[in-house]
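A.B. asks: The primary structure of each chain is shown beneath.
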Amino acid sequence: MKPSRFWLGTTAIGLYLFLYAPIFIVTLHSFNQARFGAGWRGFTLRWYRVLWDNPQAWSAMQNTLILASISTLIATVLGSMLGYALHRRWFPGKRWVAWFLFVPVVIPDIVMAVALMLFFSLLREVIPWGELGMTTMVLAHVTFQIPFVALVVRSRLVGLDPAYVEAAQDLGATPWQTFWRVTFPLILPGIVAGGLLAFTLSLDDFVVSFFTSGPGSTNLPILIYSSVKRGITPDINALSALMVLASILGTVWITWLQQPHKAKEL
Amino acid sequence: MSRSIGLVAVLLTSLAWNTAQAQANKLNLFIWSEYLDPSVVAEFEKKFDCKVTVDLYEDEAGMQAKLQGGGKALYDVVVPPDQTIPGLIKLKLLAPLRLENLPNLKNLEDRFINPPYDPGNKYSVAFQWGTVGLYVRKPKDIKLDPSWGILFDPAQQIGPFVLMDTARETIGAALKYKGYSLNSTDPAQLKEARELVLAAKRRSQGFENGVGGKNKVLAKGTMAAIVYNGDAVRGMSEDEETVFFVPREGGEIWVDNLAVPAKAPHRDMAEKFINFLLEPETAVKVAKFSQYASPNKAAKPLLGEEDLKNPAIYPPAEVMQKLEFLQDLGRKTRLYDEIWTQIKSK
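In order, the protein sequence lines correspond to chains Y and R.
1 is the number of the first residue of the first sequence in this note's numbering; add one for each residue after it.
267 is the number of the first residue of the second sequence in this note's numbering; add one for each residue after it.
No lab work stands behind these hints: they were computed from the structure.
Among the hints, a few may not be true.
[Claimed, not checked] Which residues of chain Y face chain R? A few of them, derived with a C-beta cut under 10 angstroms, are:
no.	residue
1	Gln56
2	Gly216
3	Thr233
Keep in mind the model is a prediction, meaning the values are calculated, not measured.
We treat Cβ as the ideally placed atom computed from N, Cα and C, and that holds for glycine.
Chain R extracted, bound-state conformation (with noise of 0.2 angstroms):
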């Protein structure tokens, strides 16, 4: 037994040691799966000097959650959405950015410098941005109109669906095609909402994620599906009879930003690599990589045509004008929680 315990000790003490060795030049990026091209990772590592450990997350509820467990004294770069950026500065959880490290800033559109989360792009910088839509397998008879009634009409429904596992998209959803604000915080409105849902969950095959539900109507198991437009511009690349639109009614923008914890311990690397990820090459990499739209305005001219033309990428102008930003609704988030839990277990 003795001499077990001697085999852990030694065991152990070869791991904290193995732990314990730092190199100078190191990043920790903690960022969604299969986000990030990992030939931009490489390049980085290779024009820096620098090891890059990629470590992640799988919602952002998680993410957060590790940050405030001590993850804001380990990681580098994180990847958080707008509308919890305003939370994660609230709790302290991100450094501000040195705007002198980041020259490329100037590179992105304007409407992203500056934006309504986060004023002065003190903590975040916009890394990708996509929409929230309809994911549909063209059906053949009728001409499809792109609303959102294929969920929350009987009439309009053109064959089993499914919604999204996520309370603000589907409430959005519904909030949308009755023409309200996908932030609202009226009673009335929301239980508006959660009576449609509960409808069309009645309706519906069930709930999946956004990539789930993007599978789903590819393997023809359903016909229609809410998911993010990048899942869905992978998706038409397989099958030419689905279509991907952010309905007439409207729908969600997002951006994911880079950002960097509160107390990470290569801040100085940290800003390099945003920087790095703002250059026009590497932009276009990271975008042809994920298929969600960059923000990066010196990036669109090396995009080429087929993507910017693209309507699942980058929305016409016209959809764009219907296109609304989750908000950050602090104590009100409750809700939604409320409807959403309401609907989960009816």
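Only chain Y is shown next, with the shape it has when bound in the complex (with noise of 0.2 angstroms):
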């Protein structure tokens, strides 16, 4: 084996470990007998159980899937007309358009939650509308996914053989057609990846949701965090993997859609 061969290996393996450890950890340990992390004390499936029998994270994980779901949808359409619109069009202040894009990208989640919630309590003052609940924390997801599908999108866009488009047109198809018939299926990938990531960025999201949530809409990810801060019972660990595996399924989706050989097929 070349050296540099080697050296990119171990590189390698020692990246993936850096980054799987610690979640390796938190799975073994929801198959731990030991009700305190303290050391393994053999194999069993009884926090799985306990959580089956959880009626508090059975109704978050119900917030979770209704929140992600719906705020998906929204994101992804508007995502998607936003990618298109700067690739595709010309109009005023597009440039700034796209700069702001960015901005919901980088900014800090606590910035991001804390403006949204003083946004909602603002509203109340002056309409009487914006209670924090469900409706307050789906139009805060979708706040952060819009750039995300956005991004995706128009990158997908950026890729594109202008060819196609042009050949539509040469062949009298109106713009309503081109876009439908060609642009679009051409795009779907990049929007169901972008969809994707909106979706798993929902599931996992705890700043913006603590702050706009309202009583009774609390979602996995501030049950799971406010439990693991006084870390009594183990099936938060069990919870959490479950998780993972949720988010790993669907990044292993995103990636599959992503492969150009497979996106034709699509």
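Got two chains here, each in a separate frame; can you build the complex from them with the hints?
C.D. replies: As structure tokens, this is what we get:
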């Protein structure tokens, strides 16, 4: 083996170990009989059973899925439209819109969260709406999801050969037909990938969720975070393991969709 | 595309309708996780035909921010610790309690009625109390000197240790070690405390929250940690080689309180809930679940000797004398923030 290959391999293994060891340990502890994570005391599925019987975890799971599905649906539609407009159309202030798209991506979560909370609180002063709850949570999540979807869709459009669209127009297709028959199928993998990215972001978000949630709209990240701080019941490890599993499956799916040869089949 | 927009509209409407459906008897509780026995909540729901929604927060700063951001009109009962109450009152985040609705207030021990942080129980009622001390794995060969020196004096160190990841607790421990008040605002004393903590940090394994520190002692990853007593009591039941004590120099005592946010939507139910928690039978369940001390005088006979005689839960009189409440230092909190930033960043 060439030395450069050896170093590449070692670095890769070290990097993956660094990334995945903590996740592996949480998963391992979800099968640990010890109640307080004090060493390994044998294999058990007990904490998954406890989790199964925990009504709070179930309602949090339900909230998480409702929140992630609805916000992803809205963000995917709006984000795709934005990504398309940014690529194809010229409109006044386009450069500013393109720049501002990055702000929610780079802004710290906590700033975004507090800003949204204050915004809703201000809104309540003006109109009789804006009570913190599931609806405000959905709006908040849509806010941080849109840029991600738009950026993914836009980069898909950038990689698209303009000849397809030109050919369709040459052959007499209306802009509407061109979009639905040619552009849309070609960028669909990008839209789906953007949507899945948005979905996993919503699934994992704690900070924005905490500050925009209301009574009864606790989602899994809030439940997990507040339980870990007090850290008493190991069923939270089981819950974390399940969430990691869901996120991994989502990510694998995105990667699969982004492979060019697979994308053509879609 | 228009079809999916239509779908979204339908989903949103159903969502709004779902949240708008109001029931007469409801209670929204905002509390630390795993702090209240779920069976107590279930019993209350049954007795008062009321749906209780439990929401969680993980630190008091988050709780306060949430109340300020509109939570004061969403939640009915919150559980703030003693030193935050004057601040919450000043920010008008709490509703005054109508004491005529709380006949069970008489069940509390005298020292919890009319506390200094809320004279006359105008806004709050004591829920559970406890201490902050050291949780230690007993060393095999040496006799343990119950002192904060285990952290702050290299000669007394019994092995690796962790500090607590909150400013007032860790700086407070250093102040106590030097014989000063936990609430000192004397710059010279605070500077001494800062040097002590900085030196200890270099010898330590870093900072952990209370539960993290306790778990590390249990897992034999460290020898000593600053923890809340209830967590330590749970740990001691797992491993008899570990022990909790308030060091002889003294330490912190705290009381978590029940309070009603300023614009609570179900104020009557909130007071019924507080009164229910003050009943002796309920108070016993609450205390047994969390392993913290109950401020409820009437519950004492029902608690059992084992808990009452446990010095880690109910400190003996000579320890009680050396315990100090944290005070809300107002603008001088800045002094602690500054030191803490220096400690954490060096």
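A.B. asks: Determine for every hint whether it applies to the structure shown.
C.D. replies: Hint by hint, here is what the structure shows:
Because the closest C-beta pair between Gln56 (chain Y) and chain R is about 7 angstroms apart, less than 10 angstroms, the hint holds. Annotation: Gly216 (chain Y) was flagged as interfacial toward chain R, and the flag holds, the nearest CB pair being 4 angstroms apart, inside 10 angstroms. The restraint placing Thr233 (chain Y) at the interface with chain R holds, with a minimum CB-CB distance near 7 angstroms, inside the 10 angstroms limit.
In summary, this structure violates none of the numbered hints.
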